[in-house]
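Spelled out, the chains give:
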Amino acid sequence: MRTTITVNGEARALDVDPRTTLLDLLRETLGLTGAKKGCDHGQCGGCTVLVNGVRINACLSLAVMHDGDEVVSIEGLGAPDRLHPMQQAFLKHDAFQCGYCTPGQICSAVAMLAEVEAGWPSQETADLNGPVALSGAELRERMSGNICRCSAYPQIVDAIREVAG
Amino acid sequence: MRPFTYERATDALAAVQAAAETPGARFIAGGTNLLDLMKLDIERPAHLIDVSRLPLADISRTEDGGLRIGAMATNSQVAADRAVRSRYPVLVQSIVSGGSPQLRNKASVGGNLLQRTRCAYFYDTSKPCNKREPGSGCGALEGLNRNAAILGHSHACIATHPSDMAVALVALEARVETLSPSGETRSFPLLELHRLPGETPHIETHLIPGELITAVVLPPPPDGGQCYRKARDRASYAGGLASVAVAGRNVALGMVAHKPWRAVEAEAALAAGASPKEAIDAELAKAASAGRNDFKIALTARLAAAAIADVKGRRG
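Going down the list, the sequences are from chains R and C.
Its first residue numbered 1, the first sequence is counted upward by one per residue in the working numbering.
Its first residue numbered 1001, the second sequence is counted upward by one per residue in the working numbering.
Chain R on its own, in the form it takes in the complex (with noise of 0.2 Å):
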């Protein structure tokens, strides 16, 4: 089915299987390994990009459905001589140990940030009408989409907070 989907500034036209999902679509299509296939059930936040700005799991959505949709992962958010300030900070604060989960996280963190800063409420705020104090319980409560087997939380937290400001 032809579909056409903005995939990191760029409009591709595609004929794409109906079955195809929006992960394998950039994975095996495109060539864009950086969003990763973990569980491929939604589970594990490996496959986090931003679909109109808004962060999803590529691996619960078709491609065919994202026609006209603009689509950023990991390598349209920054590159190896222009990092984004995201991936910056993961680096300084050395945010990972095997780097699997890191794309998702670092996609997921760009856009949760953005949702902070519109005031959408998670399961930690305590005033549902007032602006979004991103408080450590916040943080972690908002990044729990996103799981990292080898465990750096910590330096996540400390990577986020520092693009947080």
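Misleading hints may appear alongside valid ones.
Label-pair restraints from in silico Cβ distances [what the hints assert, rightly or not]:
1) C/Gly1137 <-> R/Arg161: 48 to 54 Å
2) C/Pro1003 <-> R/Asp158: 32 to 38 Å
3) C/Gly1313 <-> R/Ala118: 51 to 57 Å
4) R/Thr33 <-> C/Arg1302: 47 to 53 Å
5) C/Glu1192 <-> R/Arg149: 42 to 48 Å
6) C/Asp1011 <-> R/Arg161: 46 to 52 Å
7) C/Gly1137 <-> R/Asp158: 24 to 30 Å
8) R/Asn52 <-> C/Val1264: 41 to 47 Å
9) C/Arg1302 <-> R/Arg149: 30 to 36 Å
In case anyone wonders, no lab produced these hints; they're calculated from the structure.
Heads up, the beta-carbon is just placed ideally off N, CA and C, and yes, glycines get one too.
Based on the hints, put chain C in the right spot on chain R.
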């Protein structure tokens, strides 16, 4: 994943007609539950009708001072909506205690209501499950039933409905609006959407083939406080063992039955002057467990009593 055909609906009436006319058709909106189950070969649709772009995502005030939430609004959009946050906090609390942010950003309101159980025997295609394969038996009855139902179940099925959001919506006395393939629209209490399992646990709702949920409509919030409490094995991103939503004098329980459970016995007892504990004990008088989920009766009782007392305390 088995092959299927796909179409993107641009018109709600055309979508429901296509759903009624195409064998094996299913609607897809967020897809977070359906695609997961398709990968596991539990759901096997021959045709998907993508309803996610239908203009049914608005959240707007109704004439009577309530709120109409379009069925295609994402869970995150509902939880972030200013009117929902200020007037229906129990709905926000229930939504943000379900799934992960990534899932809530994709999952729709309609899809949340129609999500399938998380019973391990429903998920394991090598095991019997009357819901997945009618007539095959219920593996959970004598098996790993730690999270099984304690109310309203049958010998054919002890699965629970896993939604958090639906529990709050039931406490808020939400109604569901639908569109049928004939073009007819109808509106009915959310409490009447889901069925108890009986002999036919594979039939989970009272929707007719092709009928599409188009909106959830909230009446004005009831007088009194609201709160949602959920007990689970992890503090975040875990399915519930039991939950309770209180909105004014209304009480609903989650993850204890095949459907979100309105605690009418508890409400009646409270109205007659019973304490929160006495009231929930009245509700759970008919509760029955299957072994590994025995603890859920006491857990539900304590969770609900605390939530009711919390809201009562605010009312003074």
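Going through the hints against the structure:
1. Our hint of 48 to 54 Å for C/Gly1137 and R/Arg161 holds, since their Cβ atoms are close to 52 Å apart.
2. Distance hint for C/Pro1003 and R/Asp158: a CB-CB separation of about 47 Å, inconsistent with the stated range 32 to 38 Å.
3. For the pair C/Gly1313 and R/Ala118, the beta carbons lie near 33 Å from each other, so the given range of 51 to 57 Å is not met.
4. One distance hint, 47 to 53 Å for the beta-carbon pair R/Thr33 and C/Arg1302, holds here, with the actual separation near 48 Å.
5. The hinted window of 42 to 48 Å between C/Glu1192 and R/Arg149 holds, with their beta carbons roughly 44 Å apart.
6. Between C/Asp1011 and R/Arg161 the CB atoms are about 47 Å apart, so this pair conforms to the stated range of 46 to 52 Å.
7. The beta-carbon spacing between C/Gly1137 and R/Asp158, approximately 52 Å, falls outside the hinted interval of 24 to 30 Å.
8. A hinted range of 41 to 47 Å holds for the C-beta pair R/Asn52 and C/Val1264, which are about 43 Å apart.
9. For the pair C/Arg1302 and R/Arg149, the supplied restraint of 30 to 36 Å holds, since their beta-carbon distance comes to about 34 Å.
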